[in-house]
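Participant: Could you put together the complete structure from these sequences and hints?
Just so you know, we're using numbering that gives the first Met the number 0 here: the sequence shown kicks off at 0 and counts up by one.
When the alpha-carbon atoms are kept at most 20 Å apart in a straight line, the in silico SDA-like pairs for lysine to any residue are as follows:
no. : residue 1 : residue 2
1   : Lys278    : Asn197
2   : Lys45     : Ala34
3   : Lys217    : Val296
4   : Lys225    : Phe170
If you're looking for bench data, these hints aren't it; they were derived computationally from the structure.
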Amino acid sequence: MENKMIGILIGIILLLLGVLLSKYMKEKEQKRQIAYLLDKVEMIMKEKSQERILIPTENEEIKKLANVMNQLLEYDRKNEIQYARSKQSIKTMLANVSHDLKTPLTVIMGYLEMLSIRNEEEKTIAILNEKVKELLQLIQKFFDLAKLESGDKKVICTPLNVCEICRQNLFTFFELLEKEAFQVEVEIPEKNIICLLNEEALGRVLHNIISNAIRYGKDGRFLGVKIEEKEKIVAIHIMDHGKGIKEQYQEEVFERLYTLEDSRSKEYQGSGLGLTITKELVEQMKGTITLKSEPYVETRFTVSFEKLT
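Facilitator: Below, the structure written as structure tokens:
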């Protein structure tokens, strides 16, 4: 009798252990399946894959979770497609508007030049001529940005000496720097440092940043240009000691049409496109551009490219 009771007790214990083990295995499988779902969603979003989540399971809750995740992924894909279409549409519109405005303005400018040659109302004509030039430059910036972002304008890169291009572009500003009584510090190595770049694009990048440093940093009367060579990277630093950019605005200066509050005044007027185009050109050359600024201490733009080995 005693043996029988022991046998029953052992049987109950084994049954309980079986139930507990079964529950443990189910919970473990659920955790594994949830971890799989999370990893799968992360991979699909990272790779922007069109894949759907398929998971063999008898658990109805896991099935519902996978279904909801698939719906969210589909919604995200549709939003991304719509955003891309809208962005492309805006770029195309900008390019078309820029082109349509350029033609009549060019004609107007031609007539103004003809009138100025005949010495008729010279002062008024000169002002009109200057304003038409400014408008044409602004339209050209819109046009260039639209072409760059839409991929219509390809930046073809070839091996170039960064040091030589920097020297050439800096030299074009010497007369202005001397006139404005700037202190200039230049640290450019004599050696050749070769990167895959586009000479016209890099020239425009340097021109935009140096122009900004002179224009907005003139209170500090200082311009610094330094080329720093690292193991795989070459960094071009352009510094000024002027009014700078407050920390809360530093992430926004590369945004399209963003201008600082001061730029609304005539003295600091700008289009808000120069640094946007600069950033786009740098990125098309597989580089990066960063900004650090402490007003009236140092504002530093750094453009970095990978060196050719």
